[in-house]
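J.: Here is what each chain is made of, one letter per residue.
Protein chains: 2
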Amino acid sequence: MAKPNHAFLAACRREHSSYTPVWLMRQAGRYMEEYRKLRAQYDFLELCKKPDLAAEITITPVERLGVDAAILFADILLVLEPMGVGLEYSKNGGPVIHHPVRSGKDVDNLKDFDPQQELSFVYDAVKKISKTLKNKVPLIGFAGAPFTLASYLIEGGGSRNYVHTKKLFYGTPEAWKRLMERLAKVVAEYLNCQIAAGAEAVQLFDSWAGCLTPTDYEQFVLPYTKAVIDAITPGVPVIHFSTGTAGLLKQIRAAGGDVIGLDWRVNLDEGWGMLGHDVAVQGNLDPVALFASPKDIKARVADVLRRADGRPGHIFNLGHGVLPETPVDHVIAMVDAVHEMSSR
Amino acid sequence: MAKPNHAFLAACRREHSSYTPVWLMRQAGRYMEEYRKLRAQYDFLELCKKPDLAAEITITPVERLGVDAAILFADILLVLEPMGVGLEYSKNGGPVIHHPVRSGKDVDNLKDFDPQQELSFVYDAVKKISKTLKNKVPLIGFAGAPFTLASYLIEGGGSRNYVHTKKLFYGTPEAWKRLMERLAKVVAEYLNCQIAAGAEAVQLFDSWAGCLTPTDYEQFVLPYTKAVIDAITPGVPVIHFSTGTAGLLKQIRAAGGDVIGLDWRVNLDEGWGMLGHDVAVQGNLDPVALFASPKDIKARVADVLRRADGRPGHIFNLGHGVLPETPVDHVIAMVDAVHEMSSR
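Listed in order, the protein sequences are those of chains A and B. Counting from 1, one number per residue, gives the positions in the first sequence under our numbering. Counting from 1, one number per residue, gives the positions in the second sequence under our numbering.
Isolated chain A, as found in the complex:
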């Protein structure tokens, strides 16, 4: 049987396709009634750990929205749980880590674990999803990038200024190095297991890299992100995602990735120009734009497409995840607008 011509995978490889592929970060999320119903019944971690439910959550938006890729339902912090740091998803706030890492000793006390064994529920979900999707659209696996994971481990949750994280690399660069090396190793293994189970592309989320100076990024982040990307199963496209990094694009590019995420704080044409056209890009509608009228959404989609200029290698996406209050019909209007207006 011939493999269908997936616009998403073509764009990852900067090949021509008959339209611009589109998917959304957090396309399976709280803005969807189907998801809210499941969340009323189950804990967030339970949903992640039950492959049947994770698969259902992954597939629902593909059918509902008509997007060109599925993304595994999971969480970037799952890899931290087996490290013994006391990960908890609080009811209303974000995730909490009860034993944050603040010293070299804390780094050395992190539990070693085998990502293949201890995160097997993720690969079970991947297998189920792949089977159900039957090649309809590709499945994207994902993981947090070492820096973003480290910042959660060190801050103990979300952060505004990342003071503890930066203090650790300023004051104890050797401890920082050991932490980042361990995270890079775990993340690469975790992603390769997802690929072995059926993920056809992977996205590395370095969501908080935008808090860094370019010099600190080069010294304390780039080598470890690069180590992850270099270790990914050859031939599988890697999307390298970050936000707030308009001043860091050269460094993000140097860390690697077949596709570089651009957020809405930079014009797509200018961002792509800075990265170079020998790499694909993903983005870059403002997630808040989905609160505008469908007519306005269409105009904003048109602007992004105009800046991409029909160049092969553009995956349409938001600059960050769908916000919880977003109207579902506006998301559908966006997806339809991308398909209609980019049809070649």
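Be aware that a few hints might be false.
Chain copies aren't distinguished; within one or between two, either way the pair holds.
Claimed, not checked - Using 20 Å as the maximum straight-line C-alpha spacing, the simulated EDC-like pairs for lysine to aspartate or glutamate come out as follows: (1) Lys167 <-> Asp303; (2) Lys177 <-> Asp296; (3) Lys128 <-> Glu46; (4) Lys128 <-> Glu34; (5) Lys49 <-> Glu81; (6) Lys250 <-> Asp269; (7) Lys226 <-> Glu63; (8) Lys250 <-> Glu270; (9) Lys295 <-> Glu174; (10) Lys91 <-> Glu325; (11) Lys50 <-> Asp75; (12) Lys128 <-> Asp52; (13) Lys226 <-> Asp278; (14) Lys250 <-> Asp303.
Derived from the structure by calculation, the hints contain no laboratory data. From a predicted model like this one, the values you see are computed outputs, not experimental measurements.
Chain B: place on chain A using the hints.
T.: Just chain B, lined up with the frame of chain A:
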């Protein structure tokens, strides 16, 4: 009597000076014991409204740190109080606006007021400070830029995603225009009154502009910021400050200002190159860098100075305000390092 040769004012005008001037945003703030003692006795708004205390708070760090400019102790939201929106500084959290603006009707219901009369306590403080400083260092006046003020008015406080703000300009652009025109007028008058009272330069804080797409900035923000800057008393330097705007520098520059603020998320040489060397710049040490060791701070100061390359028109500063837990002796080490290493 000849006016002393102020390095700060020289840099605003891109003239040569014998060293690089330095001051810090929030140099009078919670990281200082003197300030914490006063805050234990008085409300934040009380401190702003008592010219003697505001003057004392303004001058203390000048003496303590040896910086090259004083900045008025006040708050960007003071101009919102006479509009009748119920401004309150909550004990531990940030400011709250009890009657946020969410519609054209809310915009029209904002109270008109005369900034010269109703904010006279600010100009009284400016006069006292100018008298006490006796030309030792220049005094910087300041105000919030129309967008940042509008976002507080609309969100009702701080925000993560600025959904209400963006919804207002997406959905009711005419109401947005009326709001921004009113804010621009008030802000320009307020700054010119500060100048009339003795402020020798002014800084416009567009702290949250970094949440915008370049296109939205051009359409919904730039004209109003430009209107403020164009209305400032001729000859008085304007510093145009924002954060997270590495992808917006062209637009920030087009809005105006003699000095453009750069935050740490872009290398100073690259940011200055994008702005053009026919404008001065201010920045751009990461505020968190002050938690590093004095030796590391010195190395980071050296890197910023190296990127400024001795070019006239660089004011050394952090990329945003001093954080509350910052060690005072580290701040002093930073100021000394700037003076020592930039001495020409």
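J.: A separate judgement is required for each hint: does it hold in the structure or not?
T.: Evaluated hints:
1. Lys167 <-> Asp303: For Lys167 and Asp303, the Cα distance is within 20 Å only across copies (19 Å; inside one copy 41 Å).
2. Lys177 <-> Asp296: Only across copies: Lys177 and Asp296 sit 18 Å apart there, 47 Å inside one copy, limit 20 Å.
3. Lys128 <-> Glu46: within (17 Å within a copy, 63 Å between copies)
4. Lys128 <-> Glu34: within (19 Å within a copy, 62 Å between copies)
5. Lys49 <-> Glu81: within (12 Å within a copy, 51 Å between copies)
6. Lys250 <-> Asp269: both (15 Å within a copy, 14 Å between copies)
7. Lys226 <-> Glu63: Answer is neither: 34 Å inside a copy and 47 Å across each miss the 20 Å cutoff.
8. Lys250 <-> Glu270: Both: 12 Å inside a chain and 11 Å across chains, each within 20 Å.
9. Lys295 <-> Glu174: between (53 Å within a copy, 17 Å between copies)
10. Lys91 <-> Glu325: Cα proximity of Lys91 and Glu325: one copy only (18 Å, versus 29 Å across).
11. Lys50 <-> Asp75: Intra 13 Å, inter 51 Å, cutoff 20 Å: intra-copy only.
12. Lys128 <-> Asp52: within (7 Å within a copy, 70 Å between copies)
13. Lys226 <-> Asp278: Cα proximity of Lys226 and Asp278: one copy only (18 Å, versus 38 Å across).
14. Lys250 <-> Asp303: between (24 Å within a copy, 18 Å between copies)
Going through the hint list in order, the structure does not satisfy hint 7, though it satisfies all others.
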